[in-house]
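Chains as they are written, first to last, in the working numbering: chain A, -10 to 64; chain B, 17 to 228.
Hints are not guaranteed to be accurate.
[Claimed, not checked] Listed next, the in silico DSS-like pairs over lysine-lysine satisfying Cα-Cα at most 27 Å (straight line):
no.: 1; chain 1: A; residue 1: K12; chain 2: B; residue 2: K164
no.: 2; chain 1: B; residue 1: K131; chain 2: B; residue 2: K70
no.: 3; chain 1: B; residue 1: K134; chain 2: B; residue 2: K113
no.: 4; chain 1: A; residue 1: K9; chain 2: B; residue 2: K164
In case anyone wonders, no lab produced these hints; they're calculated from the structure.
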Amino acid sequence: MQFDKELDARGLSCPLPILKTKKALNDLTSGQVLKVVSTDPGSVKDMQAFASQTGNPLLSSAEENKDYVFYLKKK
Amino acid sequence: MATHAEIETELAPGSALDRAISERIDMLFERKLEAKLAEINAARTPSMTIIATKGTLDWAYPPFILASTGAALGWDVSIFFTFYGLELLKKDLRKMKVSPLGNPAMPMKMPMGPKWFKSIQWNIPNAVQSLIPAYEAFATKMMKKTIKNQGVAPIADLRALCIEAGVNLIACQMTVDLFGYKHSQFIPDVKEYVGAASFLPMAREADVSLFI
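Please build the complete structure, drawing on both the sequences and the hints.
Structure below.
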């Protein structure tokens, strides 16, 4: 998937992946896509909740070799 | 053409026309109200108030984790620090400790060494803990190492993230006086020093209010 910015949140625990995602989204303009890579298993559900609460659509959420990879579109 | 009197009879309370109009208005009103309420809900920012009352290293986490996450979700967040919670506003957080003494729920595991060693649960009786010099300092050191190993943010970092995200930090003036603290001991980001009467109206308006 195409993306405009990548955030490496590997090795970080709750709530840091979410806080860093929020910060990274601030640097994007509407319609741009952020890729987030995390190793925190809790971030799978948290990222869904973050997306629905903030209205930034979660385009995809997948597991790739022990990493969790998310694509979020800035609203 | 209908006369005045005829129209009045048709519209008289309880008449067929009167009932039809009334039903129609009710239906339109309900539909409008629903749309309006949804609009109001979508436009308003959710808010959360937290009361932080504890000042040990372990208990410092919940208020700052919840506040920073709430702010990331776009909520308005305020934390009211009272009693030992004031420790979390001190300029120097390095003195913050965790005590395993009288805390039977705290896992006592070593953060270093091989896997089998790390999995040992060190059950040390309270009476023994209290006699070992610097036991609390040692436990705090081990806890800080575990926190670092697990990629959990240090308290100072989480607090800085809260400040950056616009979380309101409010201190209880009564406790400041009670414990003989000075405002200069606290970070300048403390928005105000107030009492319960100032905090409660904020909590009343909040969607989420937590006591920690």
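Please work out if K131/B and K70/B have their alpha carbons no farther apart than 27 Å. 33 Å, violated
Taking only the CA atoms, is the gap from K12/A to K164/B under or equal to 27 Å? With Cα atoms ~22 Å apart, K12/A and K164/B stay inside 27 Å; holds.
Holds or violated: K134/B with K113/B, Cα cutoff 27 Å? The hint holds at about 21 Å.
Quick one, are K9/A and K164/B close enough, alpha carbons at most 27 Å? Roughly 18 Å between the alpha carbons, so the hint for K9/A and K164/B holds.
When the structure is compared with the earlier hints, a violation turns up for hint 2 alone.
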